[in-house]
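Q: The listed protein sequences derive, respectively, from chains A and B.
According to our numbering, the first sequence is numbered sequentially starting from 1.
According to our numbering, the second sequence is numbered sequentially starting from 410.
Read the hints as simulated data drawn from the structure, not as lab findings.
Watch out, some of these pointers could steer you wrong.
Over 10 Å on every C-beta distance to chain B, these chain A residues come out as not near it, computed from the model [as the list claims (entries may be wrong)]:
(1) G44
(2) L249
(3) Q265
List time: in silico DSBU-like cross-link candidates among lysine-lysine, alpha-carbon distance up to 30 Å [as the list claims (entries may be wrong)]:
(4) B:K622 / A:K18
(5) A:K165 / A:K154
(6) A:K277 / A:K358
(7) B:K524 / A:K16
What you are looking at is a predicted structure, and each value in this text was computed from that prediction instead of being measured.
Just so it is clear, CB atoms sit at the ideal spot from N, CA and C, and this is done for glycine as well.
Okay, here's what each chain looks like letter by letter:
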Amino acid sequence: MNAIASIRTALRALRKNKLRSLLAMLGIVIAVAAVMATVSIGQGAQAKVAQQMESLGANLLMVLPGSIAMHGVATGSGATQNLTRDDAAAIERELTSSVAAVAPINRTGAQIVYGDQNWFTQVQGTTAAYLQVRNWPLAQGEAFGREEDASAAKVCLLGKTVVDKLFVPGTPVIGEQIRVKHVPCKVVGILAAKGQSFGGQDQDDVIVMPWSTVVRRLIGSQADTVGQMMISARSSDQVSDAEREITALLRQRHRLSEQAEPDFQIRNLAEMQDAAKQSTETIATLLEAVAAISLIVGGIGIANVMLVSVTERTREIGIRMAVGGRGRDILFQFLTEAVLLASVGGMIGLTLGIGVSKWMAARGGWPTLLSPPVMLGTMLAAGFAGVVAGFYPALRASRLDPIEALRFE
Amino acid sequence: METRNLEKVYRMGDVEVRALRGVSLTIAAGDFVAVMGASGSGKSTFMNLIGCLDRPTRGSYRMAGRDVGKLSRDQLARVRGEQIGFVFQGFNLLPRTNALENVELPLLYQGIGSKERHRRAAEALERVGLGDRLDHTPAQLSGGQQQRVAIARALVNRPTLLLADEPTGNLDSRTSVEVMGIFQELNEQGLTVLLVTHEPDIAEHARRVVTFKDGLLLSDLTPPRRRLAREELQEQTA
Chain A
1 MNAIASIRTA
11 LRALRKNKLR
21 SLLAMLGIVI
31 AVAAVMATVS
41 IGQGAQAKVA
51 QQMESLGANL
61 LMVLPGSIAM
71 HGVATGSGAT
81 QNLTRDDAAA
91 IERELTSSVA
101 AVAPINRTGA
111 QIVYGDQNWF
121 TQVQGTTAAY
131 LQVRNWPLAQ
141 GEAFGREEDA
151 SAAKVCLLGK
161 TVVDKLFVPG
171 TPVIGEQIRV
181 KHVPCKVVGI
191 LAAKGQSFGG
201 QDQDDVIVMP
211 WSTVVRRLIG
221 SQADTVGQMM
231 ISARSSDQVS
241 DAEREITALL
251 RQRHRLSEQA
261 EPDFQIRNLA
271 EMQDAAKQST
281 ETIATLLEAV
291 AAISLIVGGI
301 GIANVMLVSV
311 TERTREIGIR
321 MAVGGRGRDI
331 LFQFLTEAVL
341 LASVGGMIGL
351 TLGIGVSKWM
361 AARGGWPTLL
371 SPPVMLGTML
381 AAGFAGVVAG
391 FYPALRASRL
401 DPIEALRFE
Chain B
410 METRNLEKVY
420 RMGDVEVRAL
430 RGVSLTIAAG
440 DFVAVMGASG
450 SGKSTFMNLI
460 GCLDRPTRGS
470 YRMAGRDVGK
480 LSRDQLARVR
490 GEQIGFVFQG
500 FNLLPRTNAL
510 ENVELPLLYQ
520 GIGSKERHRR
530 AAEALERVGL
540 GDRLDHTPAQ
550 LSGGQQQRVA
560 IARALVNRPT
570 LLLADEPTGN
580 LDSRTSVEVM
590 GIFQELNEQG
600 LTVLLVTHEP
610 DIAEHARRVV
620 TFKDGLLLSD
630 LTPPRRRLAR
640 EELQEQTA
């Protein structure tokens with residue numbers, strides 16, 4: 001019997017008992033739908049995390065002041081003021097092979113005023129390197145450069161949220177004067193919208209100004225200390241090299257002995273990414289286990305129905321054998337039925353799963369990713385479950401004695 | 410077709426049942442043989458062996474010069490598919506499957522394409538007078554019509570041997586005679602027919618009547634007055 005004929009025969013047999021076929025499929029339908037929905041939602045979540053990580057900046061390292069112990073009393077991290085602009089300049093100057101850009105950052109909060117509107121936001125005092133490190137393009141205008149930093153020029157770049165709060169939509173923004181605390185500033189650029197950070201903060205609620213403008217004019221300090229540095233490595237492979245070299249350079253510059261604890265700390269975004277990835281991987285493993293179990297349960301459902309079907313159709317098997325059906329023809333027929341049940345169930349489950357994940361995505365604001373390899377894999381797994389589930393019943397059918405099968409009532 | 414000292418032993422629990430105790434019989438091509446005997450006489454067992462549904466415990470069974478008693482299960486299935494047509498007492502049609510598809514069934518296992526299958530199945534049904542009932546399911550047909558579908562199914566693979574196991578057991582007498590008429594007609598066209606029955610008047614339609622008793626051949630006779638279904642039917646209508 002050829003393949004097309006056996007598929008047709010199997011379809012006919014399944015159609016004759018629609019309700020039973022449907023019930024047999026149900027397990028696989030639910031299994032595949034659940035797998036599809038959970039996997040695509042999981043992948044969506046993973047993509048969202050990755051996207052948020054990415055929005056922090058490319059190949060990012062953060063250098064923060066560390067804790068120091070004075071007379072045996074340790075301060076908390078960030079309590080010291082021992083990172084300087086010179087440190088930043090030295091890293092940029094000496095570690096060119098691994099470091100792409102260094103942005104020293106000092107932050108302050110400030111009330112800003114334009115016309116009759118005002119808003120309180122965070123001001124980042126930094127250099128032009130900041131935009132490069134954070135991989136943050138401008139929507140309009142131009143960034144400030146070294147001269148503006150050197151001269152503490154009264155210029156600023158506005159985040160999207162700040163623009164929305166201060167300006168009437170459609171009115172010109174570039175070139176306008178706003179007041180930051182008491183300092184009048186010219187808007188030279190608007191930052192592209194970046195959205196929420198990993199922690200859920202609005203990254204667009206920010207003003208970026210030259211470092212010296214913020215420190216000298218807004219904070220009013222003559223010190224050279226830097227709140228933190230954001231550094232981007234040349235490539236993702238070089239993040240750990242950069243980290244090691246920065247550590248060595250800063251230890252040397254801060255004259256730390258071999259045994260001394262560092263008075264700064266370096267945070268590596270890759271580590272955070274790894275942690276996030278690990279947790280999503282754990283979830284993925286869990287989902288796979290659930291998927292495997294539900295496919296097994298679905299397979300058992302099919303095996304059960306097939307066993308009943310073989311018993312019920314013993315006489316039919318006898319007839320088929322009498323008219324020339326070989327054992328393997330019978331085996332193949334029942335196996336085809338089981339695989340068809342599983343794959344049709346898989347198909348329905350797939351459609352259902354896609355529907356559910358789209359609905360969940362729309363409802364929960366997840367990005368839903370439907371990956372073709374996962375769909376294919378799930379379908380193959382369903383088909384495989386059909387083969388495994390159908391094999392024993394089919395084998396039993398194929399081994400029936402034709403005489404006894406014909407006599408079966 | 411030739412059997413020599415054919416024996417079949419079944420084991421039922423601890424008891425050995427010797428269903429056939431050495432049967433030697435030769436059936437020439439084109440013959441029409443009726444096998445008679447009480448139940449338990451071994452006639453059904455003999456029929457199963459002749460039909461290649463089972464293998465003998467001892468003895469040989471040669472069919473067209475070939476020793477079929479020693480074939481594997483798959484080889485037996487092939488012989489059944491290519492050389493033998495079965496007609497059963499209970500018709501044994503697939504339920505909820507129309508006449509055409511029922512008749513196509515043997516061809517399905519010979520790898521014949523669907524167009525050719527349809528053509529040959531329709532032709533076989535035509536031959537038994539059911540050309541206008543192709544899409545009827547068994548439930549929509551009378552007993553006689555169902556048996557004719559079964560005969561069409563037995564003929565569709567162009568067998569050399571037609572085996573009928575109590576084909577008239579579930580039919581009224583007139584329909585029985587009609588069915589015997591079909592067999593006689595087929596036999597006249599050269600088909601070898603082996604008919605198992607326990608009704609003497611049905612057996613008298615054959616050219617030769619063999620009787621079994623206790624697993625042995627009791628008699629092998631030619632009916633003194635062979636019944637011809639055609640004439641019987643004419644008499645009945647007259």
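Q: Would the non-interface assignment of Q265 of chain A survive a Cβ cutoff of 10 Å against chain B?
A: holds (76 Å)
Q: Should the label of G44 of chain A as a non-interface residue stand, given a Cβ cut-off of 10 Å to chain B?
A: holds (47 Å)
Q: Under the criterion that the straight-line Cα-Cα distance not exceed 30 Å, is the pair K277 of chain A, K358 of chain A satisfied?
A: holds (23 Å)
Q: The output says L249 of chain A does not contact chain B. Does that hold with a beta carbon cutoff of 10 Å?
A: L249 of chain A clear of chain B: closest Cβ-Cβ about 79 Å, beyond 10 Å.
Q: Does the structure keep K524 of chain B and K16 of chain A at a Cα separation of 30 Å or less?
A: Judged against 30 Å, a Cα distance of about 24 Å means the pair holds.
Q: Check whether the Cα positions of K622 of chain B and K18 of chain A lie no farther apart than 30 Å.
A: Given that 30 Å is the threshold and the Cα spacing comes to 49 Å, the pair is violated.
Q: Is it true that the CA of K165 of chain A sits at most 30 Å from the CA of K154 of chain A?
A: Holds, because 21 Å separates the two Cα atoms, which is no more than 30 Å.
Checked against the numbered hints given earlier, the structure breaks only hint 4 and satisfies all the rest.
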